[in-house]
Every structure is written in C-alpha cells, then in structure tokens.
Amino acid sequence: MIEVDRLTKRYGNLKAVDDVSFQVEKGEILGFLGPNGAGKTTTMRILTCFLPATEGTARVAGFDVFENAMEVKRRIGYLPEHPPLYDEMTVDGYLKFVARIKSVAPEDLKRRLQEVKETVRIEGYGSKLIKHLSKGFKQRLGLAQALIHDPEVLILDEPTVGLDPNQIKEVRELIKSLSGNHTIILSTHILPEVSMTCQRVVIISDGKIVAVDTPENLTRQQQGAAHIYMEARGSDVELQRRLHEIEGVLSVVSKPLGEGEVSSYRIETELKQDVRGRIAQSVIEGGFELREFRSLQLSLEEVFTQLTTQEEVRSQ
Amino acid sequence: MRNLLAVIDKEMKVYFASPVAYGVLTVFLLVSGYFFYNILSVFIQRSMMMAVQAQQFGGGAPAMDVPALVERNFFGIVSTIILFMVPMITMATFADERRRATIELLLTSPLTHFQLILGKFLAAMGFFVVMLLPTLVYHAFLYLYSSPKMALGPVLSGYLGLLLLGAALISLGIFISTLTESQMVAASVTFGVLLILWVIDLSAQAAGPLVQEILGYVSILNHFDDFSKGVVDSSSLVVYLSFVFLGLFLTYRSIESWRWRT
Numbered sequence: 001m002i003e004v005d006r007l008t009k010r011y012g013n014l015k016a017v018d019d020v021s022f023q024v025e026k027g028e029i030l031g032f033l034g035p036n037g038a039g040k041t042t043t044m045r046i047l048t049c050f051l052p053a054t055e056g057t058a059r060v061a062g063f064d065v066f067e068n069a070m071e072v073k074r075r076i077g078y079l080p081e082h083p084p085l086y087d088e089m090t091v092d093g094y095l096k097f098v099a100r101i102k103s104v105a106p107e108d109l110k111r112r113l114q115e116v117k118e119t120v121r122i123e124g125y126g127s128k129l130i131k132h133l134s135k136g137f138k139q140r141l142g143l144a145q146a147l148i149h150d151p152e153v154l155i156l157d158e159p160t161v162g163l164d165p166n167q168i169k170e171v172r173e174l175i176k177s178l179s180g181n182h183t184i185i186l187s188t189h190i191l192p193e194v195s196m197t198c199q200r201v202v203i204i205s206d207g208k209i210v211a212v213d214t215p216e217n218l219t220r221q222q223q224g225a226a227h228i229y230m231e232a233r234g235s236d237v238e239l240q241r242r243l244h245e246i247e248g249v250l251s252v253v254s255k256p257l258g259e260g261e262v263s264s265y266r267i268e269t270e271l272k273q274d275v276r277g278r279i280a281q282s283v284i285e286g287g288f289e290l291r292e293f294r295s296l297q298l299s300l301e302e303v304f305t306q307l308t309t310q311e312e313v314r315s316q
Numbered sequence: 001m002r003n004l005l006a007v008i009d010k011e012m013k014v015y016f017a018s019p020v021a022y023g024v025l026t027v028f029l030l031v032s033g034y035f036f037y038n039i040l041s042v043f044i045q046r047s048m049m050m051a052v053q054a055q056q057f058g059g060g061a062p063a064m065d066v067p068a069l070v071e072r073n074f075f076g077i078v079s080t081i082i083l084f085m086v087p088m089i090t091m092a093t094f095a096d097e098r099r100r101a102t103i104e105l106l107l108t109s110p111l112t113h114f115q116l117i118l119g120k121f122l123a124a125m126g127f128f129v130v131m132l133l134p135t136l137v138y139h140a141f142l143y144l145y146s147s148p149k150m151a152l153g154p155v156l157s158g159y160l161g162l163l164l165l166g167a168a169l170i171s172l173g174i175f176i177s178t179l180t181e182s183q184m185v186a187a188s189v190t191f192g193v194l195l196i197l198w199v200i201d202l203s204a205q206a207a208g209p210l211v212q213e214i215l216g217y218v219s220i221l222n223h224f225d226d227f228s229k230g231v232v233d234s235s236s237l238v239v240y241l242s243f244v245f246l247g248l249f250l251t252y253r254s255i256e257s258w259r260w261r262t
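Protein sequence lines correspond, in order, to chains W and U.
Each residue of the first sequence is one higher than the one before, starting from 1 at the first, in our numbering.
Each residue of the second sequence is one higher than the one before, starting from 1 at the first, in our numbering.
If you are wondering where the hints come from, they were derived from the structure by calculation, not from laboratory data.
Some hints could be false.
As the list claims (entries may be wrong) - Derived lysine-lysine pairs resembling DSS-like cross-links, with alpha carbons at most 27 Å apart:
id : chain 1 : residue 1 : chain 2 : residue 2
1  : W       : LYS110    : W       : LYS135
2  : U       : LYS229    : W       : LYS138
3  : W       : LYS138    : W       : LYS110
4  : W       : LYS131    : U       : LYS149
5  : U       : LYS149    : W       : LYS135
6  : W       : LYS128    : W       : LYS138
7  : W       : LYS15     : W       : LYS110
8  : W       : LYS128    : U       : LYS229
9  : W       : LYS110    : U       : LYS13
10 : W       : LYS135    : W       : LYS15
11 : W       : LYS208    : W       : LYS26
12 : W       : LYS131    : W       : LYS169
Said to hold, decoys possible - Partial pick of chain U residues on the chain W-facing surface, computed with a CB cut under 8 Å:
id : residue
13 : MET1
14 : ALA17
15 : ARG98
16 : THR102
17 : SER109
Unchecked claim - For the chain U half of the interface with chain W, some residues (derived, Cβ under 7 Å), not all of them:
id : residue
18 : MET64
19 : ALA68
20 : LEU69
21 : ARG72
22 : GLU104
23 : LEU107
The C-beta atom is built at its ideal place from N, Cα and C for all residues, glycine as well.
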C-alpha cells in the first residue's frame with residue numbers, strides 16, 4: 001500500500017531523513033518510533049505531499065507522492081502533530097468544511113459526518129465551538145477530520161501526545177479498531193504504544209532507519225543472549241561454581257538480598273541452547289533453596305536505547 | 001468548484017467570527033461617513049457663497065455641480081481610507097493558517113493551490129464588498145435631495161474603481177501574508193508597502209514631467225482618479241487586473257517556495 005524507496009530530505013546541510021526505505025502492507029499498522037527530531041514528522045509530511053523529498057520516491061496506493069499528488073491526497077487521512085483546527089468554528093461546521101475540501105460527495109456528507117462523530121465518540125458536540133473543547137476532544141476531532149473521507153491510508157503523527165491515560169487508552173483502541181479497513185502509519189516516541197498497537201515497527205534515529213521488525217522480534221533479536229533471573233538461598237560461592245560448570249552459561253552476576261543467605265542471580269546464557277532445565281536441576285541437586293526462577297525479556301525500551309546509541313557510536 | 005466554494009465559505013465564517021472584522025467595518029463606516037458629511041457641507045457652503053456673490057455683483061450664478069464634486073472628492077478620500085483597511089483584511093489569510101498549522105490540512109487535501117488562493121482572494125473581496133455596501137446609502141441621499149438629479153455614472157464608475165483598487169491591494173496583501181507566521185508582521189508590512197504606493201503617487205504629482213509619467217503608471221492610486229471622475233479607461237482596467245494577477249501569482253510562488261524550504 002505504501003512503498004518508500006531511498007527517501008532523503010535535506011534542509012541545507014542537515015539531513016532530516018536519510019536514505020529511508022520501507023513498505024507497509026494493506027491493513028497493517030506500522031509504528032514509526034524514534035526520539036524527537038529523528039525525522040518522523042518529515043517522513044510523514046513527505047508521504048502526505050506536504051513537503052517534497054530531496055531524493056528518492058514514495059508511493060501511496062501505487063501513486064507517486066510527487067507526480068500524482070492529487071490522487072495520493074484523496075487517499076490519505078492525515079493527523080498532524082497539532083490537530084489542524086479552527087477555534088472559531090463549530091465541530092459540525094469544521095467537519096463539513098473538511099469533508100468538502102476532501103471531495104466527499106454532497107449526498108454522503110451528512111452520513112459521513114454522523115459516522116465519524118460516532119467513531120471518535122463526539123456525537124453530542126456538533127454545535128460546540130472548537131475553542132471550548134478539551135485537549136482530548138480536540139485530538140479526537142483531529143482524528144475525525146482525518147477519517148471523514150474514509151481514506152485508505154491514515155497517517156497519524158503522535159496521536160496520543162498530550163492526552164491523559166484514559167484518553168490514551170481510548171485513542172489506541174480506536175486506532176486498533178480502524179486497522180484492517182485502513183492502512184495506518186503512526187509515529188510516537190512512547191514505546192509501549194508501539195508494542196500495544198502496531199504490527200510492525202520502524203525505528204528511526206537521526207533520519208536513518210535502524211531497525212524494521214515486529215515488536216516481539218525486535219526485543220528477541222537485540223538480546224543476542226538469553227537472560228535468566230533467579231533467587232536462591234545457600235552459599236553464594238558454591239552456587240556460582242555450580243552454575244559456571246553448566247555448558248551454555250556465559251556469565252553470572254549475583255547480588256545478596258540481605259535476608260540470611262538469599263541472593264539474586266542474573267544469568268546470561270547462549271541463545272542457541274535452552275539450559276533452564278539444567279540450571280534448575282543443578283541448583284536443587286546442590287541442596288539450595290530455589291525461591292524464584294524466570295527468564296528475562298528485554299523491554300522495547302532497552303532495545304530502543306541500544307539501537308539508537310549504537311547508531312551514535314557508529315556515526316562518531 | 002465545490003472546493004473553491006468550500007474555501008470561500010470557510011473564510012467568510014472565519015472573518016465574521018473575528019472581532020477584527022467588526023472593528024474594520026465600524027472604523028471604515030465612521031471615517032467614510034465623517035468625510036462624506038464634511039465634503040458635502042464644504043461644497044454646499046461654497047456653492048451658497050458663490051450664489052450670494054453672484055447676486056451682489058450681478059450676472060448669472062456660475063454653474064457648480066455640487067453632487068459631482070462631492071462624489072469625486074469622496075471617492076478620492078475612500079481610496080485612501082482603503083489603504084488602512086486592506087492590511088487588516090488580508091493579514092490573517094495565510095499567516096494565521098501557518099501559525100495554527102491548519103495549512104497542513106489545506107495543503108494535504110485534494111485542493112489545488114489555485115483553488116485555495118482564489119478562494120481566499122474571493123472571500124477577502126467579499127468582505128471588502130460588505131464593507132463598501134453601507135456607503136451606498138450616502139449616494140442614495142445625495143441622489144434624493146439633488147436637483148436637478150445628479151448623474152449616476154460617476155457613482156457606478158467610482159465603485160468599479162474601488163473594487164478594482166481593492167482587488168489589487170488585497171492580492172498584494174495576501175501575498176505578503178504568505179511570507180510570515182505573524183499577523184502583526186503581515187499587517188505592518190502590507191501597510192508599509194501600501195503607504196509607499198501612496199507616497200509614489202504623491203511624489204509623482206510633484207516630480208518633473210518624465211518621472212511623473214513613469215511614476216504615474218506605477219502608482220495604482222493614480223489610476224483611480226479617472227474612475228472617480230466617471231471615466232472608465234481601459235488602460236487603468238488593464239493596470240489593475242495585471243496587478244491582481246501579479247499579486248496572486250506571487251502568492252502561488254511563495255507557497256511553492258515555502259513548501260520547498262520548510
């Protein structure tokens with residue numbers, strides 16, 4: 001549905017987007033993850049034909065964003081970082097205006113208005129002035145605006161920023177419910193958002209793509225080794241010796257927990273072989289009291305930090 | 001066409017939701033009404049004095065066409081007042097869209113730049129017409145009480161001239177509004193530029209013959225004189241329409257270049 005090929009955007013000497021390529025399938029939700037200033041907004045602006053790219057191409061539904069901008073614009077609903085609202089208009093007046101400039105047929109206008117208001121749950125607010133709406137409602141109206149012409153592609157720039165936790169939850173559920181019929185790209189710098197709503201993640205840093213994958217794969221791959229967390233009672237020295245004897249254990253870090261002889265252990269093992277069973281067995285056989293045993297997963301947060309800091313090291 | 005109408009409709013709504021609009025309308029009516037009253041009483045006094053003199057010294061009273069003189073001077077004054085009003089009308093057109101980031105909505109909608117610019121221009125013209133409409137009452141009174149009945153030609157040509165002058169100034173103001181995110185900056189720069197045009201006109205009248213001729217063509221106010229006398233000169237029409245075209249063309253280029261720069 002969306003094909004981005006070697007996209008570059010330069011502002012003077014600064015490369016805001018640098019050789020970015022990725023694809024989005026129909027009905028997919030793609031998360032665009034990166035720190036502030038990484039080039040997320042610029043990429044989205046190019047996709048929505050707001051800005052021209054310096055190099056490279058982008059196609060939406062088969063239409064080039066530069067050559068066939070009108071066709072692309074017809075198929076895209078865009079929620080910019082700041083919802084583009086006119087404070088002095090009413091909710092209905094505003095949505096009608098947007099519907100008209102988005103070429104919604106006059107006979108469909110009323111129905112679409114009703115539908116999007118229901119979708120984003122602002123039914124009772126049609127005659128309210130936009131300036132009197134709360135931040136959360138403004139954000140929803142921003143979404144309604146993007147949905148009004150029932151576009152195939154939705155591009156949402158930080159759709160949950162500035163909302164309270166309940167509103168965030170609502171908006172995320174709304175976005176999820178829209179996938180399938182719509183292809184969605186959403187940008188965020190909040191990691192849980194991506195693992196909660198997106199099927200695939202593009203991590204971007206300093207204008208470059210540093211990773212593209214599913215949230216699960218990313219956390220797994222980046223690990224390189226499996227980690228196990230364990231708590232046990234008994235002689236620390238003895239237990240460490242036993243653990244190191246097991247093949248596949250790479251390192252053990254122990255920390256006394258301060259109640260009797262209880263210590264916590266962080267064990268790094270090779271990914272290829274699962275040694276959890278052998279570790280547990282060895283601990284029990286040694287007569288230690290095993291109090292807790294679980295494998296650790298890197299959070300997306302850690303992956304993100306790893307990827308983006310690696311990038312920095314590489315570029316220096 | 002629907003797109004264009006949608007833009008005009010929205011612009012009109014935004015205009016009349018703003019206190020600036022009502023301020024502009026009020027000030028314009030007050031000032032133009034004051035001048036109309038003043039001009040009218042000055043010429044009535046003068047004609048009465050001439051009639052008295054004619055009686056004292058004998059001989060027929062010299063013909064003095066009071067309504068024509070009033071119209072001429074009134075349109076002259078109004079064309080100057082417009083210089084102060086146009087910046088207020090055009091300052092928000094693009095500057096405010098940029099400030100509140102609604103320009104992103106407009107430029108990512110299936111709306112051509114031409115439709116957007118023309119829509120904004122026509123809406124500003126619409127507001128301008130609304131501003132001029134109440135002044136028709138002045139002429140209606142003049143017509144009712146004039147005897148013999150005054151000629152209506154100069155009134156019509158005067159309004160035609162005002163519309164053309166307004167269109168030229170508005171297109172220029174819209175262009176300047178694309179250059180900044182601040183309404184205040186847009187308004188002051190527009191006002192400054194219009195003031196320069198006005199000064200060119202004044203200095204053109206004081207300059208030597210050659211310079212006078214050149215400046216006379218550049219000065220858009222100069223071309224207005226004909227209209228207030230009841231003369232519709234095709235060269236003035238061409239000057240105004242090319243001015244409008246130039247302003248809208250510059251607006252178009254400015255939006256394009258702005259997209260490439262940001």
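**Study point:** Hints violated by the structure (numbers, ascending)
**Key:** The structure breaks hints 2, 4, 5, 7, 8, 10, 13, 15, 18, 19, 20, 21; every other hint is satisfied.
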